[in-house]
Amino acid sequence: MRAARLLWAVVLACALVLGGGVTAAPARAADAGGRVSQASADGLPFPDRLVMNRIQTPQDGTSPRPDGTCCIPANVTKETATARITNTGTGPLTITAASVTAGFTLVSPTAYPVVVAPGASSDVVVRFVATGPTLQTNGTLSVTTDDPTRPTTTYQLAGRWQQFSEGGDEPNAFNLVSLFGYTTKLTTGSQSLDTHGAVSALGQEVLSPYWVRADRSSPVTVRQLAAFHTQGSPAAVYWHAKGSTTSNYITASAGVEAQTVLPRTTSGAPAQGSFTTDSAFGFRNEAEWSDDAKNDASPDIAQGCSGACGHHVRFYPAHDRSGHLMANTWLMLVDSRGINFDYQDNVYLITNARPETAPDPSTAAVLPGAPSTSLGFAEPVAGTLADASGSGTGFPLVQANKLDTTAGSASYRPAQLQLGDGALRVTTTGTSTTGSNEGADNTGVNVLETPFDASAEPFTVTARLVGPFPEVSAGSAATGVHFGRGQDDFVRLAVTNVAGVPKVRLYAESGGAATVVSTGATLSSSVTAVDLLLVVNPRTGVVTAWYRPTTSGTAGALTKLSNSWVIPSAVRGVFLSGHARAGILAQSRGTSPFTASYDSFAIAPGDLSAPEPPAIARIDVGSTKASTDALGRTWSPDTGLFSPSTAVAEGASTTPAAIANTEDDALYATYRGNVGSVAQAQRSIAFSIPTGAVSPVTLRLHFAERSAGNAAAGRRVFSVAAEGTTYDSALDLYAAAGGVNTAITLTIPAVTVSDGRVDLVLKAARDHPAVSAIEVLGGTGADTTAPGAPSGVAAAAADGPSVAVSWAKSPEPDVVGYRVHRAASSPVAASGTPVSGTSLVTGTTFTDSSVSAGSSYAYAVVAVDASGNASPVSSSVQVSVPAAPTAPSGPVTRVNFQDAATPVPSGYLRDSGEPYGQRTGADQGEGSAYGWVAMGTSTPVDNSANGRARTTGTATSDVRLNTYLHMQKSPPGNASWELAVPEGTYEVTVVVGDAGTPLDSTHQVTVEGSVAVGAFRPTSAVKHATGAVRVAVTDGRLTLSPVGGINTKIDYVEVAPV
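Mapping of the sequence shown onto this note's numbering: position 1033 corresponds to residue 1496, and the numbering continues sequentially without gaps.
Hints listed in this document are in silico derivations from the structure and should not be mistaken for laboratory results. Even glycine gets a Cβ: it sits at the ideal position worked out from N, Cα and C. Everything hinted at is true.
Here are the computed lysine-lysine pairs in the DSS-like style, where the Cα-Cα straight-line distance is at most 30 Å: (1) Lys705 <-> Lys865; (2) Lys865 <-> Lys966; (3) Lys757 <-> Lys865; (4) Lys966 <-> Lys1023; (5) Lys1088 <-> Lys1272; (6) Lys1226 <-> Lys1088; (7) Lys757 <-> Lys705; (8) Lys1432 <-> Lys1272.
Computed Cβ-Cβ distance ranges for the label pairs, DEER-style: (9) Ser680 <-> Asp783: 22 to 28 Å; (10) Thr740 <-> Ser769: 32 to 38 Å; (11) Ser785 <-> Thr1003: 15 to 21 Å.
Generate coordinates for the entire structure from the input sequences, incorporating the hints supplied.
Okay, structure coming up:
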């Protein structure tokens, strides 16, 4: 490889200088650090997509205009586009080649390799050269570089061909949306854009004559994406304040660019502009206004428009190539009055705008289960559609029908609604041919709806209908529930007339095309009520239907209709959007009016037709102790289940303490997610919860916005991912629940777990994430198997006085903490309050500072798993705490064990491993006799090779602890230390340990056969142990031995006669 690179260097030594930090030069060394960042010089539609167009036989400037004057100007089209490669690395980036697929050609550069300096850019220019008859050509530009992380950078190429200017090959609105790579649905099913100017929303269109800025700190921007109108005619776009006709110029495309994508102004700049206003505003493009009432509707009426007309400007929320909504970004499609209603005369991209009053798809709707989605009809609901007496029904919306000239003018009739006595009654209206939302009729009245977010979780649209149903026996009579978006895209579960008898039927429409999906049994005259359940899974698009009749006061079995309906993929985004609608309907087309009665309505989270799976774990996030909810279910604290450990528990002291939409206020009171003052990109919290062998599992997450500072939509927004899959990309707690201090849940079904733990990650886009409780459901239920007893329990007395207890980490993955118990003597029972307190110890050490000097204690440890199961108690370990020092009856001998080079601590004698004998040095007591013997004998041995000193890194402030001597290292192997003393009683204090990183010892030292330090296992937090014992010496030698120890290391000893 090096030889090849040297060869390139020789061949290209005299390369062409291209300027701007870009030169033709040999490839750089592989370790230089260039990195690719790609963009389109046009700035849209996406950084990796280039859009072009060409006309095979363009106007050349010589053809007369239709009025005979000269001349139609020559076409200027966008035949080229530029890919911009920027080097964001620290070293040079080498572009070694570029290639395009058929229908496109490379314009520049013409020679490779090209070297891009750090921070510089290089442009690759592509030309669209297709010659037809294929109208749209899609291709690829591949740019090869020596960026090891992405050696090939790919661009999507999209080119539109037409034979003549203004010919029949002009792209329509659908073609242009596809050309730019957007996935916005302009229509659904069999809908046509050509409604002769009738005011009606098609596909994902939002009817909004006026707009406001979405972000008050940024301007509204407008960029013209396409112009396909009369060649030679410029196209100007303006904005105007609501209530005013004074138009403010934004931009205008040049007349010569009236048949092109991405047209430019007369100066050659992109046709784009921006403006700032704090008031509501509308748009005007030449003679067409965004407010339909300002447009000339006479050409529409002349071509057959009835009702409200003049709809010449359509607005659609932009969706990217993956189908994701582009927040506050809109496609504005304009059609000049009375021509052909193709809505591609001028097409604009608008950013940072939202509808003034219409539902905004960029703003989250409530989740299923929010208070606004559960209606009991017991009392009026303010701010919702009123009944005949002015009482709010609880439904804020009505499904528009084709006779509406303004919102609800024909579709909403309050005189036909009555709220009272715990029910909502809807009296139908209609004729032999009108009064339903079926097929082409689309004249349904009082089809009441409530908005919600249907994109995130399974949900059930349910209602209880009061029977019997004798009137549902003719025509298109029906009463039930529905879900969808408009009278051409919905699914309905209703008691329906089927051949003269009432039956429960599942019926669906997609783009106006009807499907009778499934029908249940006849409902007899003795049926007094029917519960309807319409279950929707947004992941699969499957809709299932269930019903339960009540006969003579006795509820029957829940029955599933035999066939399910799968929402067609082409309209799935319309049905399962963040602004879906569900509600009730009653209709009587072709029969006499009747009154339908509803006892309740709800959009509930999850699948209400299925029994709830058993609980594997219920976690009360932010709590410090177990609790019981209103249903008697036990919830455990989240100890040891979350990371980072800096995520604090919040909410315990927040007022008000009352939480709406739940009977378990305490469960939602606390929450966790605030990980401190870190960058927004680092504001995430993860939970890892043991599931045993169960997979898949269902997660049910509980939330409540508890911060008064977040009392508005958009202030706390975060994503929710389980096992690496994102289930909600922008959960807004305030919007999801409909307010602060209001409980809401999010259910995530069928999560596959591969390692015995389900991993949940919440990552904030604004503020911090916050979750109050987590349920893990599935399998056969909660884990009732206790973990095994902890092993390796050891205890050592320390100064203070205190006792350091340590143990081995449990090998079982679901163990989340430990309890340490204490007694006066072994065995220790796991009863009463643990000496470690009510909170679990999450590590493997605990220091007991409540001991008394001169006392003896026994310790044992219990492991606790995520389900709250406690292990059997471990084996017990006994430890004696040294008595408080007493005045010695003679001088105290203090000996420090160390290497020979380290200075001796003040007041201590030095022992550097010499064999037992008379010491002669000043630092060894001059006349004292002490030293090392083979353990169990009186034979002197040399241990001087085993002295150590920790002087850097891990050294402590106590110099005595920075040195030690091995007592069991070969040579000489197990060795005892002896000190010549008069016969008598002595108080002996022994200190063991190693200030360094090795933690492989089990330090144990006996004095005259009595254990002073017993089986001490160091940890990174506790590396030393102190033991004291009172012994009698009868042979003139005090003996310290490492009996039972492993790699015992002694630091110092103090011997005081008593």
